[in-house]
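J.: Below, each chain spelled out in residue letters.
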Amino acid sequence: MGGRDSTMVLLDENGIRCDGRKIDEPRRIMIKAGGLKNADGSAYIEFGDNKILVGVYGPRDVHPKHMSNTDTGILRVRYHMEPFSVGERKNPAPSRREIEISKVIKEALLPAVILDKFPRTAVDVFIEILQADGGTRCAALAAASVALADAGIPMRDMVAACAAGKAADTIILDVNNEEDQAGQADMPIGYMPNLEKITLLQLDGVLSPEEFKKCVETGIHGCKIVYELQKKALQEKYFQNGGNQ
Amino acid sequence: MTQQNVIDDLKKSQILELLEQGKRIDGRALDEPRKLTIEVNAIPKANGSARVRLGETETVCGVKIQPDRPFPDMGDKGIFICTAELLPLSHPSVETGPPGPDVIELARVVDRGVRESHMVDVSELVIEKNKSVVGVFADIVVVDYDGNLFDACSYAATVALLNTKMPKWEMKDDVPTLVEGAESDLPTSTIPVSVTMAKIGNFIVVDPNADEWASMDSRVTITTDSDGNIVAMQKGGHDGFTLDEIIKCGELSVKVGAQIRETLKQATEGSQ
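Quick note, the sequences are listed as chains E and H, same order.
Number 443 marks the last residue of the first sequence (our numbering); no jumps.
Number 297 marks the last residue of the second sequence (our numbering); no jumps.
Rather than coming from a laboratory, the hints here were simulated on the basis of the structure.
A hint or two may mislead.
Unchecked claim - Restraint-style ranges between C-beta atoms, simulated for each label pair:
#1 E/R294 - H/M99: 29 to 39 Å
#2 H/Q39 - E/P262: 29 to 39 Å
#3 E/H419 - H/P212: 20 to 30 Å
#4 E/M206 - H/T202: 15 to 25 Å
#5 E/K430 - H/K197: 34 to 44 Å
#6 E/K412 - H/V204: 20 to 30 Å
#7 E/Y436 - H/G100: 39 to 49 Å
#8 E/P317 - H/D210: 54 to 64 Å
#9 E/D402 - H/T121: 25 to 35 Å
#10 E/R294 - H/V204: 26 to 36 Å
Unchecked claim - Per the computed footprint, the stretches of chain H lying under chain E, defined by three or more beta-carbons under 8 Å from a beta-carbon of chain E, are:
#11 126 to 132
#12 145 to 158
#13 243 to 254
As the list claims (entries may be wrong) - Derived lysine to aspartate or glutamate pairs resembling EDC-like cross-links, with alpha carbons at most 20 Å apart:
#14 H/K70 - E/D378
#15 E/K304 - H/D264
#16 E/K263 - H/E120
#17 E/K288 - H/D93
#18 E/K235 - H/D93
#19 H/K70 - E/D247
#20 E/K235 - H/D236
#21 H/K36 - H/E294
A virtual CB, placed ideally from N, CA and C, is assigned to each residue, including glycine.
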């Protein structure tokens with residue numbers, strides 16, 4: 199976070215952010231369940247200018263076989279960015295960043311999925327970042343949860359995700375790319391709203407203990423907004439009346 | 026024999042029986058491509074992009090433009106590179122890891138079609154001769170598989186390139202420096218269109234879907250340019266073609282290619 203001397207106005211005197219949002223307002227979010235023909239479950243999310251496609255396969259045979267577990271199914275996650283998804287063309291080979299994000303997303307989903315009914319199998323989650331604009335891991339996690347539900351994988355709860363952070367000495371919801379580059383802190387949060395459990399938590403930046411508490415609370419508030427949209431996406435696919443009773 | 030092979034064998038006899046009656050498994054005429062849906066500029070962060078559905082095969086192409094060093098023997102020409110990747114979410118049989126021979130062939134055939142048509146005028150992509158040139162990277166990903174990736178990838182690349190805006194660089198202190206607000210259209214001339222045909226038994230079908238792809242004996246991909254010239258070809262599969270069949274395929278590629286070229290043009294014009 200070296201951009202503290204940036205000349206960009208992240209927050210104006212009326213409390214309006216550089217992209218016109220209020221401090222507690224997320225970007226425009228659109229989630230669609232399904233959409234891929236071959237995948238067992240899929241989802242597409244537009245989170246601000248992020249565009250992410252997720253496909254889920256399984257439970258299915260594990261290759262290579264030595265990865266399989268006789269007690270439970272395993273979850274595998276691949277987070278991958280297309281070469282054209284970012285400003286400068288990205289080398290298509292997986293980077294260390296992508297490998298780490300794959301791991302934290304997997305560990306954010308593991309508490310939700312119930313795989314012990316499918317020993318010796320794998321559930322594969324493929325996340326493709328078509329366009330990135332800050333906060334891809336949260337958007338990807340939210341879409342991956344919807345795709346897992348769409349695949350019919352038993353789950354204890356949905357995993358919702360949203361980032362909170364600090365820019366211009368203020369705690370803000372859903373950090374965008376500019377705020378991530380020039381701001382003071384970025385804290386992505388994954389959260390199961392019904393079980394009230396945080397399953398993904400990262401932070402880079404400096405926060406006082408009070409700010410830390412406020413930041414987590416703000417992030418969870420964002421997760422609850424995302425959760426409603428995740429439910430809506432599944433209802434739109436699976437109920438003809440869009441889930442209205 | 027795996028379960029999939031048994032299904033393929035049953036499907037193949039059904040496909041052949043239908044072809045004897047002049048019909049295809051999805052009801053198309055033998056020389057009829059599937060419905061082509063094009064979303065132009067699907068990735069605004071790229072310099073040009075397109076999301077293309079050919080039947081239920083779906084591809085996304087993004088074009089990135091950046092200054093690069095020229096190849097040592099081509100200091101007066103820019104760089105054009107086209108890649109294709111089969112994403113693991115596109116089909117259950119696709120695995121992560123380095124691409125296999127099929128995907129490498131796919132990327133090379135799509136690249137060759139665009140390159141050999143001279144659609145992108147690389148001689149206009151020079152910032153300073155022998156020092157700095159413009160690199161054009163067209164990266165294609167396959168998102169959903171339903172056969173005939175060659176054409177779906179080729180159309181995505183072509184439409185993305187037709188809609189690409191090129192930034193301008195000038196040499197300042199031996200470094201290519203971006204000139205703000207000086208974007209122009211990527212210099213393109215002809216519109217290459219690939220048409221892939223499969224031979225199943227003694228029948229030639231245009232734009233084979235996944236079932237036909239799994240049942241075919243051989244295939245040929247022919248790329249034509251706007252003048253109706255044939256600019257690139259690739260034969261594949263375990264059987265051969267007779268001379269008559271290849272000539273027929275050449276004629277089909279010009280005829281079907283002309284229809285598809287109109288669709289690609291309309292998608293481009295509709296977006297501007």
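J.: Hint by hint, say whether it matches the structure.
T.: Structure-based check of each hint:
no. : hint                        : result
1   : E/R294 - H/M99: 29 to 39 Å  : holds (34 Å)
2   : H/Q39 - E/P262: 29 to 39 Å  : holds (35 Å)
3   : E/H419 - H/P212: 20 to 30 Å : violated (50 Å)
4   : E/M206 - H/T202: 15 to 25 Å : holds (22 Å)
5   : E/K430 - H/K197: 34 to 44 Å : violated (52 Å)
6   : E/K412 - H/V204: 20 to 30 Å : violated (44 Å)
7   : E/Y436 - H/G100: 39 to 49 Å : violated (59 Å)
8   : E/P317 - H/D210: 54 to 64 Å : holds (57 Å)
9   : E/D402 - H/T121: 25 to 35 Å : holds (28 Å)
10  : E/R294 - H/V204: 26 to 36 Å : holds (34 Å)
11  : 126 to 132                  : violated (count 0)
12  : 145 to 158                  : violated (count 0)
13  : 243 to 254                  : violated (count 0)
14  : H/K70 - E/D378              : holds (18 Å)
15  : E/K304 - H/D264             : violated (45 Å)
16  : E/K263 - H/E120             : holds (14 Å)
17  : E/K288 - H/D93              : holds (14 Å)
18  : E/K235 - H/D93              : violated (39 Å)
19  : H/K70 - E/D247              : holds (9 Å)
20  : E/K235 - H/D236             : holds (14 Å)
21  : H/K36 - H/E294              : violated (40 Å)
Of the numbered hints given earlier, the model fails hints 3, 5, 6, 7, 11, 12, 13, 15, 18, 21; all others are met.
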